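Protein chains: 2
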Amino acid sequence: MPKEEINNLALRRALFYPAAEIYPDSPSGFWEFADAGEKIRRKIVDLWRKELVEKEGFIEIFGAQVLPEAVFRASGHLESFSDPIVQCKKCNSLHRADSLIAEKTGKVVPESLAATELDKLIKKHSVECPKCKSKDFHETKKFNMMMKVDIGATGNQVSYLRPETCQSIFLDFKRIYRTIANSLPLGIAQAGSSFRNEIAPRNTLLRQREFGQMEIEVFFNPHRISEIENFAEVENFKLNLLLSKEKAVKKISCREAAEKKIVSGKLIAYYLARVQQFYSKLNIPEEKMRFRQLGEDERAFYAAETWDFEVETDLGWVELMACNYRADYDLKGHAKQSKQEMIVTDNNEKVLPHVFELSAGIDRAFYVALDLAFRKEKRGPEERIFLDLPIRIAPYIAGVFPLVKKDGLLEKGLEIFRQLNSYDFDVLFEEKASIGKRYAKIDEIGVPFAITVDYDSLKDNTVTLRERSSMQQKRVKIDSLAEALWHLKTGKKSFEQI
Amino acid sequence: MPKEEINNLALRRALFYPAAEIYPDSPSGFWEFADAGEKIRRKIVDLWRKELVEKEGFIEIFGAQVLPEAVFRASGHLESFSDPIVQCKKCNSLHRADSLIAEKTGKVVPESLAATELDKLIKKHSVECPKCKSKDFHETKKFNMMMKVDIGATGNQVSYLRPETCQSIFLDFKRIYRTIANSLPLGIAQAGSSFRNEIAPRNTLLRQREFGQMEIEVFFNPHRISEIENFAEVENFKLNLLLSKEKAVKKISCREAAEKKIVSGKLIAYYLARVQQFYSKLNIPEEKMRFRQLGEDERAFYAAETWDFEVETDLGWVELMACNYRADYDLKGHAKQSKQEMIVTDNNEKVLPHVFELSAGIDRAFYVALDLAFRKEKRGPEERIFLDLPIRIAPYIAGVFPLVKKDGLLEKGLEIFRQLNSYDFDVLFEEKASIGKRYAKIDEIGVPFAITVDYDSLKDNTVTLRERSSMQQKRVKIDSLAEALWHLKTGKKSFEQI
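If you read the sequences in order, they're chains A and P. For what it's worth, our numbering labels the leading residue of the first sequence as 4, then goes sequentially. For what it's worth, our numbering labels the leading residue of the second sequence as 4, then goes sequentially.
Keep in mind that the hints were calculated from the coordinates and are not lab data. Some hints here could point you the wrong way.
Since the list gives no way to pick out one identical chain from another, each pair is judged satisfied if it fits inside one copy or across any two copies.
To be verified - Cross-link-like lysine to any residue pairs, in silico, SDA-like; alpha carbons within 25 Å at most:
#1 K492 x E57
#2 K58 x A443
#3 K53 x K435
#4 K144 x S256
#5 K177 x T207
These numbers come from a predicted model, not from an experiment.
Could you put the whole structure together from the sequences, leaning on the hints where they help?
Have a look at this one:
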């Protein structure tokens, strides 16, 4: 869907909106989520936790967001986590040098290029300032994107807001291995916020300064990269792979990908399959998803092999998850800097574990879920907008609506609301406005069911259950509502089977 | 329970441990939570959301943690959010002046005292440096506890990590009122992290630099502070109140508290009742909880009436939630600074809403829940440690244990694990170690049930269900496990009734 439609809906229903918006000079790149927006966002994380963390027996952590400088010296961020910034001599505006060159030439600029190389390319291609069209720039400078925070009364304990959630995972590996896991492979996961001082935040949730990540690091014995317990379950599963030297996606089974060394081992193929299956549960159609293999030029400084999981949207292909084979880069760096031993015993062998990383964006998944779920239907003279969200990430499972407030319908509705709430369902109670307006509201925020309490409800203890996308309705006994919703939510029954 | 027991358990099971602990110079006051620790902490937030937010029809938000300086100019934090710090001339150690004085005199030192007043008290009471016993101090200085973050390539957009989660709520009030609520009272809630550059972080989770808050701001018409919809439900509910001029807790009904003007109105009494009911669900015994009324001296700079909800632990009375009547302090401040209108129409009357705040600590609730749930039992020659956590905040509902790995028991166990997982239960699968060790592990992290798969399971499709605290066991049909757990989790049935 066009980004304007999404943004209008977001502001109209407070799904997301700029942080501190009442102060017009507030820095861009910070967003807030309310009500349905907050819930959809949270449920994407819940789905990730259920499908990619708990089913795999991984360990989840919740770590500090402020971490000391030593961590980022070891991780390489202090040295390497920077953007090349160039300033226009005429209008003083700041830009990313690599983006300006890429826009002019239509070609990707390697991350590794030195500032002087970028200056040469700016000259060579007569790059212009996007603001004032001048071709006169100061020298390109590398600008570190981490946000610095001084801790302690004298401010002498220099720290940074984490630029990625995974650093705590590497820091905690040793304690978790010793106290909980004691074996490889060991997956450790974290969902939370990360912070990057982006020069040009843009496209609302797609390029923010504070943003949500859900990251998993799988630690494994590098000599056993071609062993993984449940490989049989995925060996015939077809991955959508766009190889780095090719132009079209190929559907390649996990077995073939591993055998032909398209990926470094069965372990990699297995997790790519799990990732593709996870995103299918967000209702991303198969033809709109791909793993793009990154060439050596494009990969981050720590990655030996990278597959970017991308989805086609109105804004083009959007990266939702980077799958990085980080090898021993991280544990080696922290072992050296902290002088702590990170070697463990696996299969009677002493090894420094290697890491395969699944690094996903929360807000990007949220945005893409809205983009794909947005529907606008003509219904006679009227237009209906609704979000065709999968039930697992819908903000509420149902709205409970007494048709009118009088004659005991309000009380009956409240009774149903409280009963469903006590069974741990997310339900919304709304007694104001016409029933049509109430349907329109929950349609727009993606609530899959409406429960309407009318005069018949008082007589025969039934309610109308309405399904959002099909607009089908049926009568259901109040006593069996909780069980029906449970079956719908866990996918054990469809609306037709209720 | 003694704090050493809690801390040992926490480190042994990785419930919580210091952030970046492999770097010994890391600043104190930052903590990490893994596995069971992460889950218990998250489930406390879920319980708060269910009981205090969703049941009340409040709106939850998820806001940015970095906010611009203008916000904190309006909120008063730039001016007033500071601790009085004094430095010893001899050993250079830093201390909070008010704490040193309070420790010496045994009396509370008002927050409002100026630095010069504190210096006089230090002299008058011959206060000593706790480190080197010198009585020679530099002048007391006010030290702002906010953590500063510079945003933008030139770092010119001065911002701060939020010192409390509620500021986004005030900033977002206008949009949420317009787009979602359109009526008063309106409750807006947020759970997340806050940041304070504490001089002396201590007692692990009780005084951190980065810590979790769950805050609710109820916006209401000040002329209608004595109207609230469901007051009848709580009017006979007894609040445990410790009035500011008294020494013992009195049990006072909500009706009496409102009628005798012990609280400013029925609305206040209603939410205090809900708060007390919420903490009861964390299994806090009634005799260990109280609302302490703060005197004028003790209240924060924005509060017109404050009730601190406190719980008695091994470390004394610990504050879990501050209930502050903030009046129009916040909206007025932001209206003035942002030049935005915050007045709304209620009951045909134009009003600037007043605010009643329920400001709770997540990590404090977590710590107190552990403190109260910790059990050590002698069983013959052995000692058993277990956490008697309420089911709603237990990390997993059950562990699934095949008695042995062979003869198909492993596969049967996995099948049950996957079935329960597909019904959205948090279950733990463990096939290693002796069955006794597996029970001991889940006892220590507070898992209420164990499901053991043995040879009989293969014959009659039943398993052993073991209850953690009583250690009772019974056989249950595999087919009815999911429903049984659902009833146990939602409190619809007890273990005896299964």
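Status of the hints after comparison with the structure:
For a Cα distance limit of 25 Å, the shortest separation of K492 from E57 qualifies both inside one copy, at 18 Å, and across copies, at 19 Å. Proximity of K58 and A443 under a CA criterion of 25 Å is satisfied inter-copy only: 23 Å between copies versus 36 Å inside one chain copy. In this assembly of identical chains, K53 and K435 lie within 25 Å of each other by CA distance solely across copies; the values are 22 Å between and 36 Å within a copy. In the homo-oligomer, the alpha carbons of K144 and S256 never lie at most 25 Å apart, since the shortest distance is 45 Å inside one protomer and 67 Å across protomers.
For the homomeric pair K177 and T207, the shortest alpha-carbon distance between copies (21 Å) is at most 25 Å, but the shortest distance inside one copy (38 Å) is not.
In terms of the numbered hints stated before, the structure departs from hint 4 and from no other.
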